[in-house]
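J.: The whole structure should be built from the sequences, with the hints applied where relevant.
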Amino acid sequence: MTTNTTTTIIIIIIIIIIIIIIIIIIIIIIIIIIIIIIIIIIIIIIIIIIIIIIIISSTIIIIIIVIIIIIINALVVVFCRLLSFSASLSKS
Numbered sequence: 015m016t017t018n019t020t021t022t023i024i025i026i027i028i029i030i031i032i033i034i035i036i037i038i039i040i041i042i043i044i045i046i047i048i049i050i051i052i053i054i055i056i057i058i059i060i061i062i063i064i065i066i067i068i069i070i071s072s073t074i075i076i077i078i079i080v081i082i083i084i085i086i087n088a089l090v091v092v093f094c095r096l097l098s099f100s101a102s103l104s105k106s
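Counting from 1, position 29 in the sequence shown corresponds to residue 43 in our numbering; the numbering is continuous, with no gaps.
One or more hints might be untrue.
Stated by the list, open to error - Have a look at the derived ranges for each label pair, beta carbon to beta carbon:
(1) I40 / I82: 25 to 35 Å
(2) I37 / S98: 17 to 27 Å
(3) I27 / K105: 13 to 23 Å
(4) I35 / I57: 25 to 35 Å
(5) V80 / I40: 34 to 44 Å
(6) I61 / T22: 50 to 60 Å
(7) I54 / I81: 12 to 22 Å
(8) S72 / I33: 52 to 62 Å
(9) I34 / I65: 42 to 52 Å
(10) I74 / I40: 38 to 48 Å
(11) I36 / L96: 11 to 21 Å
(12) I42 / T73: 37 to 47 Å
(13) N18 / I56: 48 to 58 Å
(14) I44 / T73: 34 to 44 Å
Since the hints were derived computationally from the structure, they do not count as laboratory data.
We treat Cβ as the ideally placed atom computed from N, Cα and C, and that holds for glycine.
T.: Spelled out as structure tokens, the structure:
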């Protein structure tokens, strides 16, 4: 192997590593944006739920709200686990 071939291989490896790091950073940013959007949606849903409770206070609506909150909570847990998984990927 000549010096030029070795240098070329090293440059290609460095470029591949940089591309992988950029892809991981982009994935993490996308996941963070998705989590922020979900949090905003949750806040909007909670505000709407509070308004509904103020306007119509009924047991059925409260049960539905509790179910919605449980579902939202499960979604948040899933996205937080995804975020921590992507963070652990980027560390390795």
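J.: So, for every hint listed, does it hold in this structure?
T.: So, going through the hints one by one against the coordinates:
Take I40 and I82: their Cβ atoms lie about 32 Å apart, and the range 25 to 35 Å holds. With their beta carbons about 18 Å apart, I37 and S98 fall inside the hinted range of 17 to 27 Å. Between I27 and K105 the beta carbons are some 20 Å apart, a value that agrees with the proposed interval 13 to 23 Å. Roughly 33 Å separates the CB atoms of I35 and I57, a value that falls within the hinted 25 to 35 Å.
As the Cβ distance of V80 to I40 is approximately 37 Å, the hint placing it in 34 to 44 Å holds. With their beta carbons about 59 Å apart, I61 and T22 fall inside the hinted range of 50 to 60 Å. Checked against the hint of 12 to 22 Å, the C-beta distance between I54 and I81 comes to roughly 21 Å, which is consistent with it. As the Cβ distance of S72 to I33 is approximately 56 Å, the hint placing it in 52 to 62 Å holds.
Judged by the Cβ atoms, the range 42 to 52 Å given for I34 and I65 holds: they are separated by roughly 47 Å. Range check, I74 to I40: Cβ separation about 44 Å, and the 38 to 48 Å hint holds. Separation of I36 from L96 is about 19 Å and conforms to the stated range, judged on CB atoms against 11 to 21 Å. The beta-carbon spacing between I42 and T73, approximately 43 Å, falls within the hinted interval of 37 to 47 Å.
Checked against the given bound of 48 to 58 Å, the beta carbons of N18 and I56, roughly 57 Å apart, stay inside it. A hinted range of 34 to 44 Å holds for the C-beta pair I44 and T73, which are about 41 Å apart.
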